[in-house]
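In the numbering used here, the protein residues as written are 2 to 84.
Keep in mind that a hint or two might mislead.
Stated by the list, open to error - Label-pair restraints from in silico Cβ distances:
no.	residue 1	residue 2	range
1	Phe79	Val33	34 to 44 Å
2	Asp80	Val27	11 to 21 Å
3	Ala16	His82	14 to 24 Å
4	Val72	Arg30	19 to 29 Å
5	Val72	Ser14	28 to 38 Å
6	Phe10	Glu75	13 to 23 Å
What the hints assert, rightly or not - Taking lysine-lysine pairs in the BS3-like style, the calculated list, with each CA pair at most 27 Å apart, reads:
no.	residue 1	residue 2
7	Lys48	Lys70
8	Lys59	Lys76
9	Lys70	Lys59
10	Lys59	Lys48
These are computed hints drawn from the structure, not numbers from a lab.
Glycine included, each C-beta is placed from N, C-alpha and C at the ideal position.
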Amino acid sequence: MAQHGYKQFCPLSMAAEVLCTRWTMVLMRELVAGSTRFNDLRRGVPKMSPTLLSQRLKELELAGIVERKEVPGEKGIFDYHLT
Numbered sequence: 002m003a004q005h006g007y008k009q010f011c012p013l014s015m016a017a018e019v020l021c022t023r024w025t026m027v028l029m030r031e032l033v034a035g036s037t038r039f040n041d042l043r044r045g046v047p048k049m050s051p052t053l054l055s056q057r058l059k060e061l062e063l064a065g066i067v068e069r070k071e072v073p074g075e076k077g078i079f080d081y082h083l084t
């Protein structure tokens with residue numbers, strides 16, 4: 002995997018590395034608007050490929066911005082929420 006970012010220690014630079022990638026702010030808008038499931042997010046950002054959507058959600062989860070939780074009683078179904 003390619004290494005991304007400048008590895009800055011400034012909080013603003015660190016936030017920009019995560020939030021300023023393509024489609025991320027549009028995805029954040031959908032989460033703020035109340036979309037929580039993968040397919041809801043896909044409908045909200047129809048030009049974003051499912052692969053890229055999945056990748057961005059994982060990046061946001063690793064950064065601690067999004068939390069992924071399994072829906073109780075629905076095995077393999079997950080919700081995404083802003084932390």
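Verification of the hints:
The hinted range of 34 to 44 Å is not satisfied by Phe79 and Val33, whose Cβ atoms lie roughly 18 Å apart. Range check, Asp80 to Val27: Cβ separation about 19 Å, and the 11 to 21 Å hint holds. Range check, Ala16 to His82: Cβ separation about 19 Å, and the 14 to 24 Å hint holds. Between Val72 and Arg30, the C-beta spacing of about 23 Å keeps the proposed range 19 to 29 Å intact.
At about 35 Å, the beta-carbon gap between Val72 and Ser14 stays in the expected band of 28 to 38 Å. One distance hint, 13 to 23 Å for the beta-carbon pair Phe10 and Glu75, is violated here, with the actual separation near 41 Å. Annotation: proposed proximity of Lys48 to Lys70 holds, straight-line Cα distance about 25 Å (limit 27 Å). For a cut-off of 27 Å, the pair hint linking Lys59 to Lys76 stands: about 19 Å separates their Cα positions.
Straight-line distance between C-alpha atoms of Lys70 and Lys59 comes to about 12 Å, which keeps the hinted pair within the 27 Å bound. About 19 Å separates the Cα atoms of Lys59 and Lys48, which keeps this hinted pair within 27 Å; it holds.
Hint compliance for this structure: hints 1 and 6 are not met, and every other hint is.
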